[in-house]
Each structure stands twice: as structure tokens, then as C-alpha cells.
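**Student:** Sequence:
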Amino acid sequence: MKTYLLSLLALLALLGAGGSLNADLVMGISHIAQANIAHPYKVAAMEGDSLALYNYGVSGNTITITRFTVSPAGVVSTPQTIWSYDCDPSWGAVSEWYLDTIFTHKNGLLLAAFSTPAKLVVAISGADGTQLHLFDNPGAPNTEYQFYLVNENLGFLMDFYQSQARIFRMDLSDGSLVLLHSNPTTFDIYFLMSFADDYLLFATTSWSSLPEYLYQGPNLLHTYVEHWYPYFFFFGNYESPRVCGQHYFVRLDDGLDKDRGTALTAVAYVANNLLQLIPLYSAGHVYGYIGSSVAHSDSTFSCIHYIMGDMRYILEWDFRNYTITNGELVLDTGFPQIDIEDHPPFGMCKMNADYMVLANNPRFTLVDFSEQSIRHFNFPLEPYQGWAWKLHLSDPYFYVLRPDKVHVFILEEYLPVDDEVLPPAEPSISIYPNPFAADCQIRIEGSAPQNVGIYNLKGQRVRDLADTGENSFVWDGRDERGDPVAGGMYLVRVVDRGRTYSRKLMLCK
Numbered sequence: 371m372k373t374y375l376l377s378l379l380a381l382l383a384l385l386g387a388g389g390s391l392n393a394d395l396v397m398g399i400s401h402i403a404q405a406n407i408a409h410p411y412k413v414a415a416m417e418g419d420s421l422a423l424y425n426y427g428v429s430g431n432t433i434t435i436t437r438f439t440v441s442p443a444g445v446v447s448t449p450q451t452i453w454s455y456d457c458d459p460s461w462g463a464v465s466e467w468y469l470d471t472i473f474t475h476k477n478g479l480l481l482a483a484f485s486t487p488a489k490l491v492v493a494i495s496g497a498d499g500t501q502l503h504l505f506d507n508p509g510a511p512n513t514e515y516q517f518y519l520v521n522e523n524l525g526f527l528m529d530f531y532q533s534q535a536r537i538f539r540m541d542l543s544d545g546s547l548v549l550l551h552s553n554p555t556t557f558d559i560y561f562l563m564s565f566a567d568d569y570l571l572f573a574t575t576s577w578s579s580l581p582e583y584l585y586q587g588p589n590l591l592h593t594y595v596e597h598w599y600p601y602f603f604f605f606g607n608y609e610s611p612r613v614c615g616q617h618y619f620v621r622l623d624d625g626l627d628k629d630r631g632t633a634l635t636a637v638a639y640v641a642n643n644l645l646q647l648i649p650l651y652s653a654g655h656v657y658g659y660i661g662s663s664v665a666h667s668d669s670t671f672s673c674i675h676y677i678m679g680d681m682r683y684i685l686e687w688d689f690r691n692y693t694i695t696n697g698e699l700v701l702d703t704g705f706p707q708i709d710i711e712d713h714p715p716f717g718m719c720k721m722n723a724d725y726m727v728l729a730n731n732p733r734f735t736l737v738d739f740s741e742q743s744i745r746h747f748n749f750p751l752e753p754y755q756g757w758a759w760k761l762h763l764s765d766p767y768f769y770v771l772r773p774d775k776v777h778v779f780i781l782e783e784y785l786p787v788d789d790e791v792l793p794p795a796e797p798s799i800s801i802y803p804n805p806f807a808a809d810c811q812i813r814i815e816g817s818a819p820q821n822v823g824i825y826n827l828k829g830q831r832v833r834d835l836a837d838t839g840e841n842s843f844v845w846d847g848r849d850e851r852g853d854p855v856a857g858g859m860y861l862v863r864v865v866d867r868g869r870t871y872s873r874k875l876m877l878c879k
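All residue numbers for the sequence shown refer to the numbering used here, where the first residue is 371 and numbers rise by one.
Label-pair ranges, simulated between beta-carbon atoms:
| # | residue 1 | residue 2 | range |
| --- | --- | --- | --- |
| 1 | G852 | P773 | 48 to 56 Å |
| 2 | N406 | S764 | 16 to 24 Å |
| 3 | K476 | Q646 | 24 to 32 Å |
| 4 | E815 | D541 | 45 to 53 Å |
Taking lysine-lysine and the DSSO-like style, the derived pairs with C-alpha atoms no more than 30 Å apart in a straight line are:
| # | residue 1 | residue 2 |
| --- | --- | --- |
| 5 | K720 | K760 |
| 6 | K412 | K489 |
| 7 | K489 | K476 |
| 8 | K775 | K476 |
| 9 | K775 | K412 |
| 10 | K828 | K879 |
| 11 | K775 | K760 |
| 12 | K760 | K476 |
| 13 | K874 | K720 |
| 14 | K874 | K828 |
| 15 | K775 | K874 |
| 16 | K760 | K874 |
| 17 | K476 | K720 |
| 18 | K412 | K476 |
| 19 | K720 | K412 |
| 20 | K412 | K760 |
| 21 | K720 | K775 |
Simulated from the structure, these hints should not be mistaken for lab results. Every value quoted in this text rests on a predicted model; they were computed, and no experiment measured them. We treat Cβ as the ideally placed atom computed from N, Cα and C, and that holds for glycine.
Can you make the complete structure from the sequences, with help from the hints?
**Tutor:** Have a look at this one:
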């Protein structure tokens with residue numbers, strides 16, 4: 371075992387030192403697994419290298435939360451109940467209306483809140499189990515609420531279309547529910563826009579005359595008598611995505627024309643206890659819109675930029691790099707233009723310090739910011755009506771998810787094929803264990819390969835492998851003559867329908 375670990379550490383040190391071992395390798399995207407998802411879920415989040423999927427259910431007075439996972443190898447676990455609670459029947463029925471229920475994952479915790487006519491039920495689930503918090507319902511039996519849970523210690527509660535527009539602070543550490551604001555209203559509510567859980571803007575609708583409030587955690591920073599408001603079609607609570615540093619993407623009224631029914635897209639930050647806006651783009655009734663974004667520093671970021679029409683139709687889209695300088699957005703025109711083809715990417719993610727992936731269908735684009743290079747890879751994904759693929763990242767893996775299927779990708783070094791474009795998503799190559807000391811199991815899914823072989827990093831064939839049944843192969847660390855080979859990094863090469871696929875594996879001795 372000691373020899374195994376020393377060999378592994380020595381090889382990793384050589385690779386990290388930029389030795390000749392990886393001289394011919396390039397960074398690329400590989401598809402390593404896919405799986406069908408037969409279980410319903412409402413929330414997905416990365417937990418380590420696996421994708422965790424959560425669901426809740428209400429049966430009578432019983433609330434149940436379940437969890438299952440998808441591993442990087444595409445193995446889907448059986449759903450397990452992680453928390454179940456029987457509400458007292460005297461509290462009344464548990465509401466399942468979506469604005470009465472918050473179910474989200476933040477900072478490694480699952481946050482859930484439910485309401486009954488008598489009690490408010492909050493559950494915080496993490497690695498150490500689930501903590502239950504109960505609050506007396508502060509309204510009439512039919513009062514409807516919006517919840518917002520900032521973290522495991524702080525939450526807010528807002529009326530939904532009542533005679534008063536009230537805001538309560540929920541202190542989960544001591545179980546207190548404090549009324550912060552109460553304003554008479556005929557038909558109005560507060561929305562909540564959060565900025566990475568630090569800043570909270572309680573905003574109202576375009577027709578409102580209610581004051582609005584800017585908080586930092588539990589502390590009131592400013593009261594806006596002349597209110598701002600979210601985009602008119604928006605209902606519910608909204609977490610503004612961070613673009614870089616303490617700057618966030620928002621859609622708000624600019625405070626000039628409250629009746630026009632449109633919103634200003636901006637990058638927002640807080641200074642002098644006020645929310646400051648840096649407009650992204652505006653021209654008539656067409657507004658720029660930031661889609662997915664990736665931060666490179668506290669003042670620079672990349673994004674997919676959309677031009678939106680009046681009815682939120684996407685008219686144009688492109689890839690942009692911005693720098694925030696002296697309260698202005700400065701477009702970086704020196705970076706190579708990225709062709710994102712006919713359809714805008716459904717997501718972007720940053721992979722380690724230098725790389726970014728733009729995910730489309732079928733094109734996946736890998737951007738190297740240090741070298742300012744761009745490479746495209748083709749992974750055709752099955753079309754799915756009415757659902758956009760979602761990206762979930764745990765470097766070096768990223769998962770592409772829809773309700774019934776998940777694909778797993780990895781950012782890794784490999785020997786490029788002649789056209790420097792990776793093959794379609796299938797077949798997938800799984801290796802276990804990897805690294806290995808005695809032998810490893812290699813399984814090919816999604817094809818009937820014409821040839822499977824082991825190669826060294828110079829591209830020299832070490833051994834052809836024979837199918838042991840159902841596209842399964844075993845390599846015992848020996849060459850074609852049966853002699854043991856030296857420890858180090860090798861490649862599994864699969865030839866399928868005239869195309870070559872590669873995966874790395876490590877032999878340690």
C-alpha cells in the first residue's frame with residue numbers, strides 16, 4: 371500500500387511540474403456517463419462530486435422529504451426518506467400552494483417551509499440531520515404567505531394579498547417571529563429580491579404606493595418612499611445571481627417611469643446603504659439581459675447577453691466579457707469572438723481557474739481564458755419539449771439535467787483526434803477502480819465497439835482488450851506479451867463506427 375501511494379504521489383508531482391509526460395495532451399470535455407431518472411424531484415444540488423435530488427410530499431398532516439443521488443458514473447440511487455413529520459391535526463391542513471412552500475438548497479443545506487392555519491413549519495436539513503422550527507401563525511386561518519429563508523438562522527415572512535402588507539422576521543435561532551412593517555393595502559404584496567443572502571430588497575408592484583425597504587441581513591439600511599419594483603410579470607421571491615465580487619444582476623424599475631410596464635436590466639451593488647445600478651443596455655423598448663455568467667475577478671465577468679423584445683422574445687444573443695470600472699460596465703472587445711450558433715447556450719460554468727464551458731445542444735464550447743483559445747465539442751442531447759437543460763457543477767465534473775435524464779461530463783486532458791472535436795455523447799466509458807493497482811474493469815455503454823485497446827501517452831499501443839461479455843473489458847496492467855507494464859498514466863481507446871474515443875486511467879505500483 372505504501373508503494374502504491376508513493377507511486378501515485380510521484381506521478382501527480384511529475385504532472386504538476388509540467389514534465390514531458392503530458393506534453394502531447396490537451397484539455398477537453400469528455401462525456402463519461404448518462405442515466406435515466408425515474409423518480410420525481412423538485413430541487414437539485416451538488417453534494418461533493420454527486421448530484422443530489424430532493425422531493426417533498428404532503429399526505430394528510432404528514433410532511434415527507436426524500437433524497438436520491440446520481441454519481442459521476444451515472445449510478446442513480448434509490449430515494450430515501452431523510453425527514454418525516456406528523457403535524458398536529460388541530461393545526462389544520464398543510465398547505466401545498468407553491469407560494470406557501472419554500473423548498474430550496476443553499477450552502478449545503480436544504481431549506482423547507484410549510485404553513486398550516488395555526489403553525490408555520492420550517493425544516494433545515496444537512497449532513498447532521500434535520501432541525502425543526504415551529505412558529506405560531508400570525509394571521510387569520512386563511513392567511514396566505516410568502517416565505518424566504520436566508521440561511522439556517524434567518525428567514526422572512528410576507529403577506530400574500532391580505533388587507534395589510536406585512537413583513538415579519540423569522541429568527542430560527544430563538545424561535546421568535548417579529549413584525550417589521552405593516553402597511554394598509556387593498557391589493558398589493560411585497561416581493562423579495564436577495565443579493566447573495568447579504569442584501570434584501572423588499573419591493574412592490576408597479577401600481578403600488580407602498581414604501582420599500584433595503585435590508586442587510588436582519589438590519590434595515592434604507593426606506594424608499596418612491597419605490598422601485600421588479601419586472602411586472604414576476605411573482606414570488608427572486609435571488610439575484612452574482613456576476614462578480616459584490617455585483618449582482620437585477621431587473622428593476624429605474625425610478626423614472628413607474629407605469630411603463632417594463633424593467634431596466636442592470637448590475638447592482640450597495641454603496642452608502644443604497645442600492646446602486648449600472649445599466650447594462652437600453653434602447654427604446656428593447657432591453658439587454660444577462661443570462662448565465664461567470665466571474666473571473668471581483669470586477670470582471672463573462673456572460674451570455676440577450677436582446678429582449680417587449681414580450682420577452684429573444685431577438686439576439688452573444689458572448690461578452692465585461693469589466694466594472696468607476697461604476698461603469700466596460701466591454702472587452704479584445705477577446706476572441708465566440709460563435710454560439712443558432713441557439714443561445716442553456717448554461718455556463720467555470721472549470722478550475724482557467725476554463726469555462728458554454729453548454730448548448732449539440733455544441734459545447736471550452737474557453738481557455740489564460741490562452742484566449744476556444745475549442746468546440748459535439749454532444750447531441752435528446753430533444754425535450756418544454757424544459758431547458760440545467761447545469762450543475764462540481765469541478766472537474768458537470769451534470770446536464772432534465773426531469774427524466776442526466777448526462778455527466780468531465781474536464782480532463784486527453785490525446786486529441788485529428789479533427790480536434792470530441793465524438794457524440796455516446797458511447798460512455800466507465801473505469802473502476804481508477805487509479806488501480808491489480809486490474810480494472812472497463813465498461814462501454816451505448817455502442818458495439820470495433821476495437822478497445824490500451825495506449826501509452828505517446829500514442830503507442832500497449833494491448834488490445836477482449837470483450838468478456840456485454841461490452842465489459844478487464845485490463846490487468848500487462849502488455850500484449852503478458853509482461854507487467856510500468857506504473858503511470860495510460861489511455862483506453864475505443865473505436866466505434868470509425869471514430870475514436872479516449873479515457874485516462876492510472877496504474878500505480
